Amino acid sequence: MQWWEPVLWLLAFAAPWTLPHHALIINEIAIVALFAVSLDLVLGYSGIVSLGHASFLGFGAYTAALFAKWIHPDPLLGLAVGTAAACVLGALCSATILRGSDLTRLMVTLGMALILFELANKFDGLTGGSDGLQGVMMGPVLGRFEFDLMGQVAATYSLAVLLVLFFLARRLVHSPFGATLMAVRDNRLRAMAIGVPVSARLAVAYTIAAGVAGAAGALMAQTTGFASLDVFALERSADVMLILVIGGVGWLYGGVVGAVVFKLMHDVISSITPQYWTFWMGLFLVVLVMVGRERLFKPWTWMGRS
Amino acid sequence: MTILFDGIAYGMLLFILAVGLSVTMGLMNFINLAHGAFAMVGGYLTVVLMQRLDVPFLVCLPLAFAGTALLGAFLERTLYRPMYRKPHLDQVLFSIGLAFMAVASVDYFVGSQQQIMQLPEWLKGRTELGTGTPWELGMGHYRLFIIAVCAALTVGLQYVLSATRFGSRLRASVDDPRVAAGMGINVNVVFALTFAVGSGLAGLGGALGAEVLGLDPTFPLKFMVYFLIVVAVGGTSSITGPLLAALLLGVADVAGKYYVPKLGAFIVYSLMLAILMWRPQGLFVRQGGK
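In order, the protein sequence lines correspond to chains A and B. In terms of the working numbering, the first sequence has 208 at position 208, counting the first letter as 1, and numbering is strictly consecutive. In terms of the working numbering, the second sequence has 257 at position 257, counting the first letter as 1, and numbering is strictly consecutive.
The hints are simulated quantities; they were obtained by calculation from the structure and are not laboratory data. Just so it is clear, the structure is predicted and the values come from calculations on it, not from any experiment. The beta carbon of each residue, even a glycine, is placed where N, CA and C say it ideally should be. Incorrect hints may have been included.
To be verified - Derived Cβ-Cβ restraints for the label pairs, each shown as a range:
id	chain 1	residue 1	chain 2	residue 2	range
1	A	Ala84	B	Ser168	52 to 60 Å
2	B	Gln51	A	Asp124	35 to 43 Å
3	A	Ala95	B	Thr127	44 to 52 Å
4	B	Thr78	A	Ala179	56 to 64 Å
5	B	Arg178	A	Ala91	36 to 44 Å
6	A	Trp4	B	Phe166	23 to 31 Å
7	B	Ser112	A	Arg190	45 to 53 Å
8	B	Pro62	A	Met182	46 to 54 Å
9	B	Gln51	A	Phe167	24 to 32 Å
10	B	Pro82	A	Met150	46 to 54 Å
11	A	Leu98	B	Ser168	33 to 41 Å
12	A	Ala95	B	Arg171	30 to 38 Å
Using the sequences and the hints, build the whole thing.
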């Protein structure tokens, strides 16, 4: 725990109450940050390139929304159910990412998201198809705090979940388990040689990350009262990868920092050119890679040779 | 039979679109998600030339090839070359950024509506064979044209790869770039040429496919998945692998959409997932390669 961390979190929790007009975007940032932290567990700590992380976000979102609609409106219960469902899906999918090259992993993760997209689209009786799942009414958090229109309760709720899962994730990556994950990422063969059960470790890491992503999806569905097909879209998976890369891969705060920067950038650019903001995002990505990910925020190194 | 025929036409088209990608991926181990953007450029080039300048369709096709090949060569020299040695994550980010830029620029310059191809009269008809028998076969003339062009291209490519000096250089570079460079092959030039031809083929495929696949600014993102499936399933070490994979995908997709329209693309994705779990390196991998 660094000295600035409590300050940061206190500021984050104070933000929705001191800036009530921005509570909605703070809520979005918290959810996206949680999603990015989840991807960081997979990409940054386990070295699995995934282009379909939105599968778990979407699965969590739909599960939470359906649970609230048909079974019980309590948010915390829904959150737990969404997380658990995404964990199960992650455990099933982890079998697909253990073998093959980066390209194969890219394809199977992407394929998974596409399959879920198609399923959600086709079973429109359950999911509402391309209209999205509407009419989700959430109960009050902890039986006391109603979700308000300004989104202040929603933002605080999301931030609280982010805080808890963030510190759990940090506990995880700093444990011996996390150390073996990083060993696998850096050199799979050597990790295997010193006796790390590579496949089992990767599967567990993937399952946990899927659960965290599911929690992010559940939060998204609960705070907006809505789940639509675009939670599975390729853009989501690409966005979250961009977020993580902006903030820094293999550093849990990277996801949080990236989410803040990305959301604010998105907000500013799309208020200037609503239709063509993907162009600027694309340009940003290209420049980012050309300059070098680790050098972008250190302008003094741009001129030197890499 | 008609479904089989349509599926083959579709598969041939996918093969032409994806073969460049498969070679680039095999040659430089570069994951290029922007490949669909080249196909889109070719398609738009054709549509714009035909609609605004009244260029005949058959003239447009070589122009689409040349235009995208030039663009590919230019981008290869300026943007792609520094990316080869970077990790896969960087390549994915870079090429997806490029694809996003292409989508937004086309949207800006041409508009987001779907483009309609005006085919020449002699390609519009349809021939029915064996009407009334169980083997009824209806062939759209345009599909027939696509199959003919793509088959000719495939034979040509196979000849170039297997029988010419350039082909053997290319295969040597794919197998092991370092040793190939040591033997005096200029791998960079080989690669630039291949990249240009691959992009050109994608452009040609985009031009041919504009009528079948539909052409709008989201084309690169929509079909990128299909190209990647072809490459991932077919493997990157030969062109027969992607060809068979593309045919399989084309037939499966058309048949799936015809017989169980409700499940749509679901079948294709599940098939890919199953194949990749069974053979993670692709279906048709030469043993003993790198």
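Consistency of the hints with the structure:
1. A:Ala84 / B:Ser168: 52 to 60 Å: holds, 57 Å
2. B:Gln51 / A:Asp124: 35 to 43 Å: holds, 37 Å
3. A:Ala95 / B:Thr127: 44 to 52 Å: Since alanine 95 (chain A) and threonine 127 (chain B) have Cβ atoms about 48 Å apart, the given range 44 to 52 Å holds.
4. B:Thr78 / A:Ala179: 56 to 64 Å: violated, 42 Å
5. B:Arg178 / A:Ala91: 36 to 44 Å: Check passed, 41 Å falls within 36 to 44 Å.
6. A:Trp4 / B:Phe166: 23 to 31 Å: violated, 60 Å
7. B:Ser112 / A:Arg190: 45 to 53 Å: With Cβ atoms ~51 Å apart, the hint holds.
8. B:Pro62 / A:Met182: 46 to 54 Å: holds, 53 Å
9. B:Gln51 / A:Phe167: 24 to 32 Å: violated, 59 Å
10. B:Pro82 / A:Met150: 46 to 54 Å: Given range 46 to 54 Å: holds, Cβ gap about 48 Å.
11. A:Leu98 / B:Ser168: 33 to 41 Å: holds, 37 Å
12. A:Ala95 / B:Arg171: 30 to 38 Å: Holds, since alanine 95 (chain A) and arginine 171 (chain B) (Cβ atoms, about 35 Å apart) stay within the stated range.
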